[in-house]
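Enquirer: Now for the letters of each chain:
Number of protein chains: 2
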Amino acid sequence: MATSFFGAEDRFRGITVDSKVEQCVLSDFPNLLKESITQWKKNNKRTIWFKVHLDQSDWVPLLAKNGFKFHHAKEDYVMMYLWMPKDELKNIPNYAHTLLGVGGIVVNDKSQVLVVKEKYATRTFWKLPGGYVEPGENLVDAAMREVLEETNISTEFQSLISFNHSHGRAFGCSDIYVVVNLKPTSYEIKKSDQEISECIWMDIQDYLTHPEIHALNKLLLEKYLQYKNNEISIDCVSGIHQTLNIPFCFYSVRDSKKSISDVGKQLKIS
Amino acid sequence: MATSFFGAEDRFRGITVDSKVEQCVLSDFPNLLKESITQWKKNNKRTIWFKVHLDQSDWVPLLAKNGFKFHHAKEDYVMMYLWMPKDELKNIPNYAHTLLGVGGIVVNDKSQVLVVKEKYATRTFWKLPGGYVEPGENLVDAAMREVLEETNISTEFQSLISFNHSHGRAFGCSDIYVVVNLKPTSYEIKKSDQEISECIWMDIQDYLTHPEIHALNKLLLEKYLQYKNNEISIDCVSGIHQTLNIPFCFYSVRDSKKSISDVGKQLKIS
Numbered sequence: 001m002a003t004s005f006f007g008a009e010d011r012f013r014g015i016t017v018d019s020k021v022e023q024c025v026l027s028d029f030p031n032l033l034k035e036s037i038t039q040w041k042k043n044n045k046r047t048i049w050f051k052v053h054l055d056q057s058d059w060v061p062l063l064a065k066n067g068f069k070f071h072h073a074k075e076d077y078v079m080m081y082l083w084m085p086k087d088e089l090k091n092i093p094n095y096a097h098t099l100l101g102v103g104g105i106v107v108n109d110k111s112q113v114l115v116v117k118e119k120y121a122t123r124t125f126w127k128l129p130g131g132y133v134e135p136g137e138n139l140v141d142a143a144m145r146e147v148l149e150e151t152n153i154s155t156e157f158q159s160l161i162s163f164n165h166s167h168g169r170a171f172g173c174s175d176i177y178v179v180v181n182l183k184p185t186s187y188e189i190k191k192s193d194q195e196i197s198e199c200i201w202m203d204i205q206d207y208l209t210h211p212e213i214h215a216l217n218k219l220l221l222e223k224y225l226q227y228k229n230n231e232i233s234i235d236c237v238s239g240i241h242q243t244l245n246i247p248f249c250f251y252s253v254r255d256s257k258k259s260i261s262d263v264g265k266q267l268k269i270s
Numbered sequence: 001m002a003t004s005f006f007g008a009e010d011r012f013r014g015i016t017v018d019s020k021v022e023q024c025v026l027s028d029f030p031n032l033l034k035e036s037i038t039q040w041k042k043n044n045k046r047t048i049w050f051k052v053h054l055d056q057s058d059w060v061p062l063l064a065k066n067g068f069k070f071h072h073a074k075e076d077y078v079m080m081y082l083w084m085p086k087d088e089l090k091n092i093p094n095y096a097h098t099l100l101g102v103g104g105i106v107v108n109d110k111s112q113v114l115v116v117k118e119k120y121a122t123r124t125f126w127k128l129p130g131g132y133v134e135p136g137e138n139l140v141d142a143a144m145r146e147v148l149e150e151t152n153i154s155t156e157f158q159s160l161i162s163f164n165h166s167h168g169r170a171f172g173c174s175d176i177y178v179v180v181n182l183k184p185t186s187y188e189i190k191k192s193d194q195e196i197s198e199c200i201w202m203d204i205q206d207y208l209t210h211p212e213i214h215a216l217n218k219l220l221l222e223k224y225l226q227y228k229n230n231e232i233s234i235d236c237v238s239g240i241h242q243t244l245n246i247p248f249c250f251y252s253v254r255d256s257k258k259s260i261s262d263v264g265k266q267l268k269i270s
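Chain order of the listed sequences is F and R.
All letters in the first sequence, in the order written, are residues 1 to 270 by the working numbering.
All letters in the second sequence, in the order written, are residues 1 to 270 by the working numbering.
Chain F on its own, in the form it takes in the complex:
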């Protein structure tokens, strides 16, 4: 039988113990932990992380009693940590604290914008179709998916219009709401019964003066009109990160005069 936890070491001299990998009889846990902490202290380890799965959640109160705090949780595990150095200020990266939402400005060739009323809203104002970005989802894909789910309108990406950053939102998180202009490729509305109470094509001029539309949503339409008038778009290009070798989406003002540079080719930008 092991007399201490092994864990996996990271480049910051941290140790991560996974409760699924190093299972033990619960009555052995206190001594195992005590012995491990002695060893880690001796070897100048910095942060000790315990990834505790639901099935081993008996570990949680025992870790808490030994000074561990929570860091983050996902459905089937909670991550707890203990900062070891006495002579160094705690230096632990924060977990994500920003919710990410999207809205779509979808305008047809009669200068009408697609608007919805939500089913579960406290007061029913007209708003843009949209919702939260799913884990691992791209912004533009999320906007197109939400528009399709809520209204059954298919779309193509045109330009990013704006984003809005605010604090103290759901779960105490901050919130970024990204608005994109999408061009409809179908026109027949079939609203989602689960989320939406009404959905219509509304004349832009009515929208801009409508009493049941918030000022912020009007500002978004002003910004859309500015984009159409000035023909300055914010593009989304995809590329491959050179060192991490993962895809990315890069958003910036489009340079209509310029083709892809050598740097862009290196990043396999498309």
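Everything labelled a hint here was simulated from the structure, so no lab data went into it.
Here a beta-carbon is modelled for each residue, glycine too, at the ideal position from N, C-alpha and C.
Accuracy of the hints is not assured; some may be wrong.
What the hints assert, rightly or not - Under the rule of at most 27 Å between Cα atoms (straight-line distance), these lysine-lysine pairs were calculated in the DSSO-like manner: (1) Lys127(R) - Lys265(F); (2) Lys74(F) - Lys69(R); (3) Lys183(R) - Lys110(R); (4) Lys127(F) - Lys190(F); (5) Lys51(F) - Lys74(R); (6) Lys65(R) - Lys69(F).
Said to hold, decoys possible - One side only, chain F facing chain R, incomplete, derived with CB under 7 Å: (7) Phe70; (8) Gly136; (9) His167; (10) Ala215; (11) Lys218; (12) Leu219; (13) Gln242; (14) Cys249; (15) Tyr251.
With the hints as your guide, set chain R onto chain F.
Expert: Showing chain R alone in chain F's frame:
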């Protein structure tokens, strides 16, 4: 003695029990929970949330045994939930899953850009000063703070240049990296010994061809030069949300021809 938990009800027919508000003797917990779940089921409640603080973390394994899962955690509590309806698909909002970082393109009047090398990097490439946004912090403030902390250069905001979205990053989160152009108001570098191994003003032309600068960082400089040539900036304006009555920061392409509209005035945009 109470025979069940009360909790606080939300507009989605959910109930939240806070372990600090409704403390109990641990041996009473199983019966209290059982009786409560019976009541909530009878009253058609939807999501049951338990906010369990570190001091009451003995509740965690007992909740897990009753089918509760983790939702999210902050340093001193973990939020667990149970979805009750049998005839409705689970509909629980995700917690934040996007990390938010910022970088600053700081260029002096000799066309030199401020670059740093990180102390704890695996390979030492030159990069832009920057780091993670703190909870509740605005993007521009975060960029200016990071530049000041790392290099001791004071700055003023000029324009947002770009942002980059990728997935599968730290803690399995997605990541948004926002780059802003900042104008230096001081010039003497004094680097942070804790985080930075080197910091210099580098000629832009050297930067664009330097072997120790990643392609993505070169793309950022290309986008900065495009912004300077075309004079198209992405502005940050502050306003007050009409219904939530909280401040926001709104980012969009600047319209040089236009003054603040009536809508902008309603939002107290500055």
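Enquirer: Each hint should be assessed against the structure and marked as holding or not.
Expert: Against the structure, the hints come out as follows:
{"no.": "1", "hint": "Lys127(R) - Lys265(F)", "result": "holds, 20 Å"}
{"no.": "2", "hint": "Lys74(F) - Lys69(R)", "result": "holds, 9 Å"}
{"no.": "3", "hint": "Lys183(R) - Lys110(R)", "result": "holds, 12 Å"}
{"no.": "4", "hint": "Lys127(F) - Lys190(F)", "result": "holds, 17 Å"}
{"no.": "5", "hint": "Lys51(F) - Lys74(R)", "result": "holds, 15 Å"}
{"no.": "6", "hint": "Lys65(R) - Lys69(F)", "result": "holds, 22 Å"}
{"no.": "7", "hint": "Phe70", "result": "holds, 4 Å"}
{"no.": "8", "hint": "Gly136", "result": "holds, 5 Å"}
{"no.": "9", "hint": "His167", "result": "holds, 5 Å"}
{"no.": "10", "hint": "Ala215", "result": "holds, 4 Å"}
{"no.": "11", "hint": "Lys218", "result": "holds, 4 Å"}
{"no.": "12", "hint": "Leu219", "result": "holds, 5 Å"}
{"no.": "13", "hint": "Gln242", "result": "holds, 5 Å"}
{"no.": "14", "hint": "Cys249", "result": "holds, 5 Å"}
{"no.": "15", "hint": "Tyr251", "result": "holds, 5 Å"}
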